[in-house]
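With the hints as extra help, turn the sequences into a complete structure.
Counted the way the UniProt record's numbering counts, the sequence shown spans residues 1 to 418.
Hints were generated in silico from the structure; no laboratory data involved.
Note that this is a predicted model, so its numbers are computed, not measured.
Among these hints, one or two may not hold up.
[Said to hold, decoys possible] Simulated crosslink set (BS3-like; lysine-lysine; CA at most 30 Å straight-line): (1) K123 - K159; (2) K202 - K142; (3) K88 - K123; (4) K249 - K159; (5) K202 - K249; (6) K103 - K142.
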Amino acid sequence: MCHRLLQQELGEPEGQIARWIQRLQEYDFEIQHRKGTSHGNADALSRRPCKENCKHCTNAEKKFGMETDISVKVLTTEDAWSSSEVQKAQLEDPAIRPILERKLNSEDRPSWQEIAPESPATKRYWALWDSLHLKDGVLYRKWESDNGSSCRRQLILPKSRIQEVLRETHDSASGGHFGVMKTLSKTRERFYWDRLRADVEKWCRECHSCGARKGPKTRTKGRLQRYNVGAPFERMALDILGPLPVTTKGNRYVLVLMDYFNKWPEAIPIPDQEASTVAEELVRAWISRYGVPMILHSDQGTNFNSALFTEVCKLLGILKTRTTALHPESDGMVERFNRTILNHLSLFVSKNQTDWDTHLPLFLLAYRSADHEATGCTPADMLFGRTLRLPCDILFGRPSDMPFSPNEYLNNLESRLD
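Rendered as structure tokens:
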């Protein structure tokens with residue numbers, strides 16, 4: 001031990017010390033003192049972890065020969081989401097098998113008397129008979145919007161694959177650990193199974209990561225006031241999030257930009273919040289891609305009210321507005337988005353938190369592809385008129401939507417936007 005006092009008589013110990021001594025008397029041992037510089041193996045357990053590129057730890061590993069070569073065996077297996085494997089899983093599912101077998105045999109819809117002995121889940125699939133179709137021997141559900149403007153195929157998911165799908169649509173970086181409604185929408189966009197909503201609600205409710213970071217909200221809710229805008233990129237919000245831990249790339253802040261109409265966000269890591277940095281990133285990351293907004297709204301930060309930033313807005317013909325002093329709620333949209341960023345980063349950053357800027361791109365993908373409460377659509381749908389392709393679409397082999405020629409696609413997009 002490194003504490004020399006433990007070698008001395010402790011007199012008449014009481015309380016916790018007495019209980020420790022009583023417990024240790026069961027063992028036969030001798031207390032020896034070892035100076036602190038030689039006690040690193042035990043001290044390391046209670047010390048704060050070093051950075052990944054710590055030179056001292058690297059040198060210590062080389063000195064004591066702690067570096068270990070690790071060999072990994074790579075196994076190649078058949079794609080678990082190939083058409084044959086998915087069909088096999090569907091046939092093994094007792095709720096799907098009676099429907100799939102009849103579809104494979106090109107049979108007509110069975111009568112109620114034939115389907116009556118089956119499970120309630122099978123009966124619910126039977127009710128969807130006309131919308132169930134085969135593609136490469138796999139059962140899909142064809143879903144069309146009420147006005148017929150959009151159509152997509154939903155894979156009829158066997159029970160054995162549900163957990164894998166929910167891990168991707170909720171737990172992954174592109175899932176974002178969002179709430180029930182966003183996860184439900186993202187899952188329904190691609191899959192269908194009996195009691196889908198109940199399973200999604202249960203999965204989100206039992207997620208340990210969400211439970212640890214999303215406690216009950218006790219804030220008093222005021223009356224919601226929405227700023228009316230009539231077109232994309234007419235009015236946009238601007239804010240700075242930080243300071244955060246300095247990353248290995250030298251970034252410490254996040255420049256947050258969001259459109260009031262379609263809720264399309266940008267989150268750009270920046271090393272400082274100087275007016276010149278903000279103005280440069282505004283032009284590079286937003287204006288060069290989406291054009292010049294008519295109105296730019298921010299808080300009363302000095303960087304947004306500087307002479308340089310004011311001159312940039314004047315040159316570009318942007319009307320600059322700002323929140324009321326000591327009242328950031330007037331820019332609640334971007335303030336709420338900041339909390340969403342922090343919550344997402346807390347789930348995926350490393351222990352030393354110096355890699356948060358590498359997680360921003362996938363967070364943006366997750367947010368842009370999730371339904372927004374204010375619009376009922378995803379930001380990507382509002383901006384591009386189509387659903388973004390996510391990693392789960394590649395992993396699970398989602399079939400593409402109905403094919404269009406360029407002119408047909410343009411006409412379809414115009415009809416949806418009218």
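### Task
Quickly compare the C-alpha distance for K202 and K142 to 30 Å and report which way the hint goes.
At roughly 26 Å apart (the allowed maximum being 30 Å), K142 and K202 satisfy the hint.
### Message
What's the verdict on K249 and K159, does the C-alpha distance respect the 30 Å limit or exceed it?
### Response
Violated, at about 44 Å.
### Query
Is the straight-line distance between the alpha-carbon of K103 and that of K142 30 Å or less?
Measuring from Cα to Cα gives roughly 14 Å; hence the hint holds.
### Message
With the threshold set at 30 Å, check whether the alpha-carbon distance from K88 to K123 stays at or below it.
### Response
Cα-Cα ~21 Å, so holds.
### Query
Keeping to a limit of 30 Å between CA atoms, is the pair of K123 and K159 held or broken?
It holds: about 16 Å lies between the C-alpha atoms, which stays within 30 Å.
### Query
Does K202 pair with K249 here, judged by a C-alpha cut-off of 30 Å?
39 Å, violated
This entry does not satisfy hints 4 and 5, going by the numbered hints stated previously.
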